[in-house]
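There are 2 protein chains.
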Amino acid sequence: MARVQRRNMAHVQGLRCRECGREYEIAPVYTCEWCFGPLEVTYDYAAVAAAVSREQIAAGPASIWRYADLLPVDRGHAVDLGAGFTPLVRADRLAAALGLGEVWVKNDTLNPTNSFKDRVASVALSKALEFGFKTAACASTGNLANSVAAHAARAGLRSFVFIPSNLERAKVVTTAVYGGNVVAIEGNYDDVNRLCAELAGTYRWAFVNVNVRPFYAEGSKTLAYETAEQLGWETPDHVVVPVASGSLLTKIRKGFDELHQVGLLDHAPNVRVSGAQALGCSPVATAWREGSDTIRPVKPDTIAKSLAIGNPADGYFALDAVRQTEGGLAAVSDGEVVEGIRLLARTEGIFAETAGGVTVASLKRLADEGVVTPDERVVLYITGLGLKTLDAVEAEPTATIRPTIDAFHEAFDPDHIDEE
Amino acid sequence: MARVQRRNMAHVQGLRCRECGREYEIAPVYTCEWCFGPLEVTYDYAAVAAAVSREQIAAGPASIWRYADLLPVDRGHAVDLGAGFTPLVRADRLAAALGLGEVWVKNDTLNPTNSFKDRVASVALSKALEFGFKTAACASTGNLANSVAAHAARAGLRSFVFIPSNLERAKVVTTAVYGGNVVAIEGNYDDVNRLCAELAGTYRWAFVNVNVRPFYAEGSKTLAYETAEQLGWETPDHVVVPVASGSLLTKIRKGFDELHQVGLLDHAPNVRVSGAQALGCSPVATAWREGSDTIRPVKPDTIAKSLAIGNPADGYFALDAVRQTEGGLAAVSDGEVVEGIRLLARTEGIFAETAGGVTVASLKRLADEGVVTPDERVVLYITGLGLKTLDAVEAEPTATIRPTIDAFHEAFDPDHIDEE
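Chains as they are written, first to last, in the numbering used here: chain A, 1 to 420; chain W, 1 to 420.
Simulated from the structure, these hints should not be mistaken for lab results.
Given the structure is predicted, the values throughout are model-derived calculations rather than measurements.
Heads up, a few of these hints could be off.
Which copy? The list can't say, so a pair holds if one copy fits it or any two copies do.
[Stated by the list, open to error] List time: in silico SDA-like cross-link candidates among lysine to any residue, alpha-carbon distance up to 25 Å:
| no. | residue 1 | residue 2 |
| --- | --- | --- |
| 1 | K134 | R346 |
| 2 | K134 | A95 |
| 3 | K254 | K299 |
| 4 | K254 | G14 |
Chain A extracted, bound-state conformation (with noise of 0.2 Å):
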């Protein structure tokens, strides 16, 4: 173990600045100190290329550890609640409805607190670990709140975590229940992340979204490894994948390309990428359609709230990707958001929360716009459960009666019931 482990570790470099380029030692900073650009994590990638196989990866744990050698800490501090390896299915049924070919949703519903922030969040907290760090922290639009909280419970980690005051009272209890403490901020997501960063300068936690960030941000590429893997290792044509920080979009544009770089797909992927977000908080998506490179922070109106961050980190890096790719970006009214989640649940039986709306429905407006062809191999990221946003549908049952058959012929009739 401990040689598997010191291998692991030996294919993380360091940090390297986004912006300059200067060079950092593997610590929890995140920000380069010449220029205040974001940090993020090197790697040996021929060190990763000898190392792993596509044989080796399917003898793995079905959770995203199975890609232990690419992230950026070693296996065996792994706080694993079973993070990743969600469901890729073929959405046929959502594809005729679309106008559309070969679709994909890949379910990441289907995570230990219910969101890909799970992926994100264990490999944070098992860095934490690894850095000796006793709390952990966050801010959060409610799910990364979710997951650092479960996670931490599972580590024996203390865990401190922020979010706005007005989010689903689902979110609040499933972050509360597991016992850390729960800090309800009266303001936006913005307001939150504001205040942790003051904090993390304070004490000395482990701010998955703060100082520990660089490394929190590459569990999201796992969500690219699998889809190529479970697409026999081909990548798709085009991806929709929701925008709020705009680091999900990057990193998962990153993740194929690095599967590539050490030898995992026979082809250099070209895949283009496609952003989604609301109306009501559409920062990225305004810049290209103004086809600006500056995103103006907004002020969020929306019912997704978990991609309500009116001034996104990595908003920049996102419009680049979508550009570099010729890929779009779609802002979807509220309306359409329920819409989306109705229509992804109909023809394919997944659920998804607000976010999923989102992505749904930009989905049928890149499709519309032609940006999106039938021709194209698509895949979509669904990346939290509608159980955690269950007031934005409404959804009653069809007829409440009596235990009768009677009743029930009272309620659907008997010579057109074939038809209900």
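Since the structure of chain A is provided, determine the placement of chain W on it from the hints.
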């Protein structure tokens, strides 16, 4: 593919009455014409043994369909949303809290609709397609309703699901959102079930827990298969299973035995099987305590609605399995149920619905009574997600504050913050 389908179908021999042993052809029937006993699927285990291997299973899909050779439907018809192959996580912190040794949690909250019912619904709806049914139906305490509605949507089948009208709102929304018919019945589950038995005689529908029940129930065996595979093809010493109809408990036991019968285990399994019930609906535990063979129906009154079957169809068989394996049965109060939910969340980061609280609290009770012992390898089956029964637990933010460090320090004394 056609060849595989034929080969797989050949493993199913027919149906046999569990009371009198009379045999029947494969058909959508569930009761013996002679003695009214329940029918069960029979297999050609020699043919299964020749077809399966640990390697072949490991190379299969990450769902219950990796065990297709041991299921009563050919994989070509599989309605597969990704049910099964859920994490089995070692629960050292829970074990320590209960004074036990090696405890594992089978986390079946991570199924497509977040309960183990996806295992049975996936098999039942696949068989319904094979039989040529156009409509899927069920009586449900909620979880099966979710699952049948979702799998029917995925398969493009019509659906009629019947639920008690007092169900948790989450379970109603997560059924209705898939677009089928949801009929709320003014009565308890036993009333719903009686009506469905009548309707099954009237309409040519695949009633998953009536006329398709023998096939449906086989889905539960996969919990035993996965447990053994995930323990490196070994069996636990003791399992604790929630009891509603009793079918889950008996099928888990059957699953372990079958694995040995087809050569996948090196040794004959010796698994003690214990059952968990809520005090407000504990007919099987009552018969156990009284040393009786008769399960007296009760009128359920408990927050654990998914276990609230007062007249359990397989109660006798569950009782028999517990006796034969020298397990035990516990009945726990609603207060203990809530404590059980909190204990599992706090120690392992897993948020279970009330049924899971019943199971954890029952394990605690059985450990206190010395029925489950510290030298045993124990597996706990957690069958549904806490988001479905959110109102059962109170969980509020620790504090609600303005977005400033001063406000944070008003709520959390900086001198004691690292003790929070």
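Quick rundown of the hints versus the structure:
Taking the shortest alpha-carbon separations for K134 and R346, only the inter-copy value of 16 Å comes in at or below 25 Å, while the best intra-copy value is 45 Å. With identical chains, the CA atoms of K134 and A95 are at most 25 Å apart between copies only, with a shortest distance of 22 Å across copies and 47 Å within one. Taking the shortest alpha-carbon separations for K254 and K299, neither the intra-copy value of 29 Å nor the inter-copy value of 58 Å comes in at or below 25 Å. Taking identical chains as interchangeable, the C-alpha atoms of K254 and G14 lie at most 25 Å apart only when both belong to the same chain, with a minimum of 17 Å there against 52 Å between chains.
The structure does not agree with numbered hint 3 stated previously, though it agrees with all others.
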